[in-house]
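Heads up: the sequence shown begins at 1 in UniProt numbering, then just goes up one per residue.
Heads up, some of the hints might be wrong.
As the list claims (entries may be wrong) - For lysine-lysine, the following DSS-like pairs were computed, each having C-alpha atoms within a straight-line distance of at most 27 Å: (1) Lys-129 to Lys-72; (2) Lys-49 to Lys-72; (3) Lys-154 to Lys-129; (4) Lys-154 to Lys-49; (5) Lys-82 to Lys-49; (6) Lys-82 to Lys-72.
As the list claims (entries may be wrong) - Restraint ranges, calculated between C-beta atoms of paired labels, are given here: (7) Ser-41 to Ala-168: 26 to 34 Å; (8) Ser-105 to Leu-229: 16 to 24 Å; (9) Pro-231 to Ala-42: 18 to 26 Å.
These are calculated hints, taken from the structure and not from any lab test.
In this text, a Cβ means the ideal position worked out from N, Cα and C, and glycines have one as well.
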Amino acid sequence: MNAVGRPLRKESSMASRTPSPRQKAAPAPRKAVRDSVATRSAILDSAEKIFARDGLRSTRTEEIAAGSGVTKAMIHYYFDTKEALYQAVLDRVFQDREQGMDFNSLRRLPPVDALQAFVERLLQQMVAKPHLGPLFALENIQNDGAFYSRNGGKLYRTLADILERGVADGSFRQQDPGHAAVNIMGACVHFFNVSSNIRTLWPKDKADSTASMINHWRAVVEFVMCAVLAPPPGPRPRTPRQPRLAAL
1 MNAVGRPLRK ESSMASRTPS PRQKAAPAPR KAVRDSVATR SAILDSAEKI FARDGLRSTR
61 TEEIAAGSGV TKAMIHYYFD TKEALYQAVL DRVFQDREQG MDFNSLRRLP PVDALQAFVE
121 RLLQQMVAKP HLGPLFALEN IQNDGAFYSR NGGKLYRTLA DILERGVADG SFRQQDPGHA
181 AVNIMGACVH FFNVSSNIRT LWPKDKADST ASMINHWRAV VEFVMCAVLA PPPGPRPRTP
241 RQPRLAAL
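Based on the provided sequences and hints, a complete structural model is requested.
See below:
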């Protein structure tokens with residue numbers, strides 16, 4: 001009791017029920033993590049499009065910063081150099097591509113089904129992000145594939161493995177799986193690499209229109225399957241003349 005006979009308040013009990021300022025601030029790091037992830041993603045999104053347009057050499061980090069809504073200093077906070085940012089862009093592209101292609105499921109499918117699924121899934125990714133073709137083309141032209149080499153081979157190896165399995169079981173005609181894989185990849189992506197040129201060839205059918213992309217999708221699937229499948233039993237078709245390579 002106090003001096004006037006009234007019971008004292010239990011201050012300690014009240015204090016235990018009232019969160020301290022430090023306790024209220026506890027969730028802040030969680031928001032900071034979310035902001036960090038979102039900022040990094042925004043930088044990568046902007047960089048991917050600008051690198052695809054200008055390549056590593058000609059891209060300016062100031063433009064990436066403007067496109068992602070951050071400062072140039074913030075870009076260097078997450079990525080030490082422009083080259084590190086470029087590699088991170090390619091790594092993310094390959095990671096997304098691998099998830100979308102689902103390589104493990106392709107290995108379980110029969111060769112014919114696996115090849116058709118591979119081509120369709122790759123084309124689906126190219127339609128969703130047509131700028132990936134120029135991104136890889138500029139990597140080849142400007143950097144001799146130096147940054148591509150870390151992850152780029154997995155896609156080709158998966159395709160070559162499908163072709164090898166098909167040749168072994170008789171589903172596919174005899175062919176060099178490595179060269180066939182390069183040709184199939186070219187059939188899938190070259191359209192997107194030169195879409196601006198194609199506009200001049202097909203003025204009434206824009207190369208970057210949805211309808212044109214869908215038509216390309218169907219044509220590539222049919223072209224690849226006809227080129228790779230083993231011929232039906234019966235008289236063997238005429239063997240094409242071998243190219244003359246003396247000039248090489």
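Q: May I ask which of the numbered hints given earlier this structure violates, with the numbers listed in increasing order?
A: 7, 9
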